[in-house]
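K.L.:
Whole structure, please, built from the sequences with the hints as guidance.
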Amino acid sequence: MREPFIQLTGISKSFAGVHALQDVDLTIYGGEIRCLAGENGGGKSTLIKVISGFYTPDKGQIEIGGRVFPKLTPQQAINEGIQIIYQDFSVFPNLTVAENIALSYQRLHQKKMVDWHALKKDAQRALDLIHIDLDLQAPVGALSVADRQLVAICRALLQDTKLLVMDEPTTALTRKEVDALFNVVRNLQKKGISILFVSHKLEEVFEIAEELTILRNGKKVIEGPMKDFDRQKFIFYMTGRTIETTKFVPPVIPPSSEPVLKVDHIGIKGLFKDISFELHAGEVIGITGLLGSGRSELARALFGLEAITSGKVYVGGETIKPGSVRDAIAHGIAYVPEDRLTEGLFLPHSISRNIYAATIGKMLDRRGIIDNDKVRKVTDDWIRELSIVTPSGQLPVQSLSGGNQQRVVLAKWLSTNPKVLILNSPTVGVDIGSKADIHAYARKLAGEGMGVIIISDDIPEVLDNCSRVLIMKKGLIVGTMDTSEMDNQALSMKLSEA
Amino acid sequence: MIKKLLRKNEFYVALAVIALSLLIGIRSPVFFTLNNLVDLLKAAVVSGIMVFAVMLGIIGGGIDVSFPAIAVCSMYITSKICEGVSYNGPVAFPIVFAVLLGAILGSVNGLIISSFKLPAFIVTLGTSNVFYGLLISLLGAKPVNRLTPPMEAMSKAEIFHVQGENYISILPVTFWFLLGTIIVVYFILKHTMLGRGIYAIGGDRVSAERAGYNIRGITIFIYTFIGAASGLAGISHTIQARTCVPTDLMGSELLIIAAAVLGGTNIAGGKGTVFGSILGLALITIARNSLILMGIPPTAQRAVVGLIIVVGTGISAYQAMREANKTPKVMDEIPGEEA
Numbered sequence: 079m080r081e082p083f084i085q086l087t088g089i090s091k092s093f094a095g096v097h098a099l100q101d102v103d104l105t106i107y108g109g110e111i112r113c114l115a116g117e118n119g120g121g122k123s124t125l126i127k128v129i130s131g132f133y134t135p136d137k138g139q140i141e142i143g144g145r146v147f148p149k150l151t152p153q154q155a156i157n158e159g160i161q162i163i164y165q166d167f168s169v170f171p172n173l174t175v176a177e178n179i180a181l182s183y184q185r186l187h188q189k190k191m192v193d194w195h196a197l198k199k200d201a202q203r204a205l206d207l208i209h210i211d212l213d214l215q216a217p218v219g220a221l222s223v224a225d226r227q228l229v230a231i232c233r234a235l236l237q238d239t240k241l242l243v244m245d246e247p248t249t250a251l252t253r254k255e256v257d258a259l260f261n262v263v264r265n266l267q268k269k270g271i272s273i274l275f276v277s278h279k280l281e282e283v284f285e286i287a288e289e290l291t292i293l294r295n296g297k298k299v300i301e302g303p304m305k306d307f308d309r310q311k312f313i314f315y316m317t318g319r320t321i322e323t324t325k326f327v328p329p330v331i332p333p334s335s336e337p338v339l340k341v342d343h344i345g346i347k348g349l350f351k352d353i354s355f356e357l358h359a360g361e362v363i364g365i366t367g368l369l370g371s372g373r374s375e376l377a378r379a380l381f382g383l384e385a386i387t388s389g390k391v392y393v394g395g396e397t398i399k400p401g402s403v404r405d406a407i408a409h410g411i412a413y414v415p416e417d418r419l420t421e422g423l424f425l426p427h428s429i430s431r432n433i434y435a436a437t438i439g440k441m442l443d444r445r446g447i448i449d450n451d452k453v454r455k456v457t458d459d460w461i462r463e464l465s466i467v468t469p470s471g472q473l474p475v476q477s478l479s480g481g482n483q484q485r486v487v488l489a490k491w492l493s494t495n496p497k498v499l500i501l502n503s504p505t506v507g508v509d510i511g512s513k514a515d516i517h518a519y520a521r522k523l524a525g526e527g528m529g530v531i532i533i534s535d536d537i538p539e540v541l542d543n544c545s546r547v548l549i550m551k552k553g554l555i556v557g558t559m560d561t562s563e564m565d566n567q568a569l570s571m572k573l574s575e576a
Numbered sequence: 489m490i491k492k493l494l495r496k497n498e499f500y501v502a503l504a505v506i507a508l509s510l511l512i513g514i515r516s517p518v519f520f521t522l523n524n525l526v527d528l529l530k531a532a533v534v535s536g537i538m539v540f541a542v543m544l545g546i547i548g549g550g551i552d553v554s555f556p557a558i559a560v561c562s563m564y565i566t567s568k569i570c571e572g573v574s575y576n577g578p579v580a581f582p583i584v585f586a587v588l589l590g591a592i593l594g595s596v597n598g599l600i601i602s603s604f605k606l607p608a609f610i611v612t613l614g615t616s617n618v619f620y621g622l623l624i625s626l627l628g629a630k631p632v633n634r635l636t637p638p639m640e641a642m643s644k645a646e647i648f649h650v651q652g653e654n655y656i657s658i659l660p661v662t663f664w665f666l667l668g669t670i671i672v673v674y675f676i677l678k679h680t681m682l683g684r685g686i687y688a689i690g691g692d693r694v695s696a697e698r699a700g701y702n703i704r705g706i707t708i709f710i711y712t713f714i715g716a717a718s719g720l721a722g723i724s725h726t727i728q729a730r731t732c733v734p735t736d737l738m739g740s741e742l743l744i745i746a747a748a749v750l751g752g753t754n755i756a757g758g759k760g761t762v763f764g765s766i767l768g769l770a771l772i773t774i775a776r777n778s779l780i781l782m783g784i785p786p787t788a789q790r791a792v793v794g795l796i797i798v799v800g801t802g803i804s805a806y807q808a809m810r811e812a813n814k815t816p817k818v819m820d821e822i823p824g825e826e827a
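Residue numbers (the numbering used here), protein chains in the order written: chain A, 79 to 576; chain B, 489 to 827.
Since the hints were derived computationally from the structure, they do not count as laboratory data.
Each hint should be verified, as a subset may be incorrect.
Keeping only pairs whose Cα atoms sit at most 25 Å apart, straight-line, the calculated BS3-like set for lysine-lysine is [stated by the list, open to error]:
{"id": "1", "chain 1": "A", "residue 1": "K279", "chain 2": "A", "residue 2": "K305"}
{"id": "2", "chain 1": "A", "residue 1": "K189", "chain 2": "A", "residue 2": "K240"}
{"id": "3", "chain 1": "A", "residue 1": "K240", "chain 2": "A", "residue 2": "K269"}
{"id": "4", "chain 1": "A", "residue 1": "K497", "chain 2": "A", "residue 2": "K325"}
{"id": "5", "chain 1": "A", "residue 1": "K190", "chain 2": "B", "residue 2": "K678"}
{"id": "6", "chain 1": "A", "residue 1": "K198", "chain 2": "B", "residue 2": "K678"}
{"id": "7", "chain 1": "B", "residue 1": "K678", "chain 2": "A", "residue 2": "K189"}
{"id": "8", "chain 1": "B", "residue 1": "K678", "chain 2": "A", "residue 2": "K199"}
{"id": "9", "chain 1": "A", "residue 1": "K199", "chain 2": "A", "residue 2": "K279"}
{"id": "10", "chain 1": "A", "residue 1": "K198", "chain 2": "B", "residue 2": "K496"}
{"id": "11", "chain 1": "A", "residue 1": "K199", "chain 2": "A", "residue 2": "K240"}
{"id": "12", "chain 1": "A", "residue 1": "K305", "chain 2": "A", "residue 2": "K198"}
{"id": "13", "chain 1": "A", "residue 1": "K522", "chain 2": "A", "residue 2": "K455"}
P.N.:
This is the structure we're talking about:
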C-alpha cells in the first residue's frame, strides 16, 4: 500500500462569486501517475494553483507528508517537493539552459553570489538524470518547445521533487516528442516521484495514466484506476454528454461539376512544392503530416499569407493573386488559423468586435458609421448559431475558454460567406464538447455547399471528418488516401514512414 | 565562431565606434591625440554613470526617466546646503550626502512602482516632474557659482594630465566614480543572485514570480540604486563644471537611454551587457563631442546624433526581427531542381 504524499480535503475556492472549486477531495500517492482531467473552466488550473500554494482555498485542508498546512505558501510547497510545470514552462528565454536549470537550486541554498562553476555542474547533473543532451550555454529562447519543457523538468528535478505536476504538457509536442516525454515520466516514477498529469487529450491520458480524477464544473465527478475507464465513459464524465463519433459521409459529386477550389502545382521555395488537388462543394478533405512537413506553410499559402513562387490557385475558375490575403478573402476563402490567440483573435477586444472584424463593411449604415443595432443583432445571432457560452457579447474575448474562442474565430470567418473554409488544427486546446460541436458544424457547412479543408495532425479528427486525406512529408504530397479505407493505425504508420 | 560574433549586437556597435572615429579622425587628425581621448573620457563621466545605472532598470524591465531630475535635485540641494553653512570639511561628506539623497528619491520611485505595480516609465515620468518642480519652486533656480572650498579643491584634482600642443587636458578624479560604477554594476549583474534576479524579472516577470523571486525587493533595489548613482552623477557634474546650475542635465534622459540601447540593452528587458553599454556610451560620447572637429555646427549635431540612434537601434531591431522570424527550412534534403 503506497503512502499518500498529499491529501486535499474539502477544497473550495471562489472568485467573485464564481465557484471554481467546490468541496474537492484529492489524494496523490507516492510514485503514482495520476491524470487530472476536465474541460476548460472545470477547475483543473485552480486546483493546481491550490496545490502549489499560489491560491489559498476558501475552505478545506491540505496535508502533505502527514503535516497539515493551514496556509500553504508557494515557498512551502516547493520546500515540500511540489513542483509545477505550467503550460508555458515558466522558463526565462533570455537566460541560458544552465541558468534556467540551476539558478533556482542555488537560490534554495540561500546563496547571494552566483557560483558559475557549480551552476554548470548541477545543470549537467540534471540533464544526465533524464539522459538528455542540451547545450548549457544556449539561450532558452532559441530552443524548441519540447526542449524548453525538458529544461523545465530538469529544473524541477534538481529541487528534490516528490510531486511533479504537469499542466497540459503535450499540447505543443509532436508524436515523437510525446513518446520521449512519457519515457521520462516513467523513469521519474521509478525514482519514486509522483506525477500529476493535467490533460484533456483522450489518447494520451489512456496511454500514460494509472489513476484518473475527473473534475467538472468545480466538482470531482469520478475517480479511479485507469483500467476502469473506456473512451465513452471518459467523455461522458468529462462533458456530461454522450458524444457519438460518426464518420462523415461525403456527398456524391456529379462528374462535370467545377471544383470550388483548384490548386495547381503550387510551391514556395524551401517550404513545399508541386502541390495539386481539387476541392468540390460539399466535400471535407484533410491535409495531414508531421510537424515540419510543410502543411502549415501550405495552409498559409492558400490564404495568401505567404506568396507562392510557382503554380496557381483557382477559386471558382478565377486565379488568386499570390501573397494577397485580401484577394483570397474577396474570392471566398476563409482561414481559421492554427494559433487563435496570436493569429485569430483580438484578445482584449469584445466578442462582438472580433466577430465583425472581417466584415466591418457590412456593419455600416448609410453614413458609413458603425450601426450598433446591426452589430448587436449580428453578434447575438452568431452567439446563438454557434452556441458560444458567454453572458454577454461585450466581454473581452480573452475571457472565454479555448473552445468558445474558437467558435468566435469561426463566426468571424463565416460572416464573410466563404466558398472555401480552411481549418488549421481547429481543435487544439479545445474541450471535448466544443471539439465535437466544431466538427459537426464543419460537416453542416459542407452539407450546405461549402468546401472544407481540415489541416491537422490529430489523426482521429482527420479520419472522422474527411472523405479524403492528403499526406504531406518534407514539403511534398506523398499520398492521397480515401479515409473509408484507413484506420488510425494505418494513417499513423503512413505518417511516420521514412 | 565568426557567425556567433556576427550575431552579437556588440560587434556592430564596436564597428560603428571604429567607423565614426575613423571618419572624424580622417577629417581632423586632432581626434587621434591623447588630448582628445582624455577630453572624451572626462565628457563621458557624468552621462556614463547614469547609463550604467539606467541599464540596470531597463534589464529589469523598467525604463526610468527621472534620473536627470534626481541628479539635479541631489547636486543642487547639496551645493546649496554647503554654500549655506560655508562647509569646509572633507569633500567625502557632500558626495555621500548627494548619493544618499539620490538613493532616497530613487527609493520613492521603487516603492511606488512595486507597491502599485505600475509601469516604471509612467511613474518616473511623473516623479521626474514632481522632484524637479518642487526643487525649483522651493529653492529657486539660481546657480551656485562658487562651490565651497572642499568641492572647489576636488574640481581641480586630477588623475593625470596631458600636455598637448595648445592646451592641457585633465582627467579629473571624478573618473574614478565612473570606473567604480561600471565595476559595481558588472559585479551585481554577473556575480550576484540579485543580478540574475534582475535578468529574470526582465525576461519573464510571471515566471520570476512563480520561481519565488522577491520581485518587490529587487524592484526597490533597482530604483534606489539608479537614484544613488544619479546623485553621484549629479555631484560629479557639479564638481567637474565647478558650478551648480540646476537647469543642467535635464532633458538628457533619451540620450542616456539611447546609449544603453545602442549598446545592446534590449528595451523590452532581460538583456544587456556592461561591455555593450561601454560601447554605446563611447558612440554617443564621440558623437556629441567630436562632431565639431568635422566642422559640423552644434545646431546640426543633434540631428546627426539622432540619425546615429535611429540607424543604430534600427539595425539591432532588424536583427532581432530576423532571429524571431526564422522559418525552419522544410525542404533542404530534397535533391533536384528548386520549386
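K.L.:
Now tell me if each hint is right for this structure.
P.N.:
Here is how each hint holds up against the structure:
1. K279(A) / K305(A): Since the Cα atoms of K279(A) and K305(A) sit roughly 17 Å apart, the hinted pair holds (cutoff 25 Å).
2. K189(A) / K240(A): holds, 23 Å
3. K240(A) / K269(A): Between K240(A) and K269(A) the Cα gap is close to 9 Å, so the pair holds against 25 Å.
4. K497(A) / K325(A): holds, 23 Å
5. K190(A) / K678(B): holds, 12 Å
6. K198(A) / K678(B): Measuring from Cα to Cα gives roughly 15 Å; hence the hint holds.
7. K678(B) / K189(A): Judged against 25 Å, a Cα distance of about 14 Å means the pair holds.
8. K678(B) / K199(A): holds, 18 Å
9. K199(A) / K279(A): Distance ~37 Å between K199(A) and K279(A) Cα, so the pair is violated.
10. K198(A) / K496(B): holds, 23 Å
11. K199(A) / K240(A): holds, 22 Å
12. K305(A) / K198(A): Not satisfied, since the Cα-Cα distance of roughly 43 Å exceeds 25 Å.
13. K522(A) / K455(A): holds, 23 Å
In summary, the numbered hints that this structure violates are 9 and 12.
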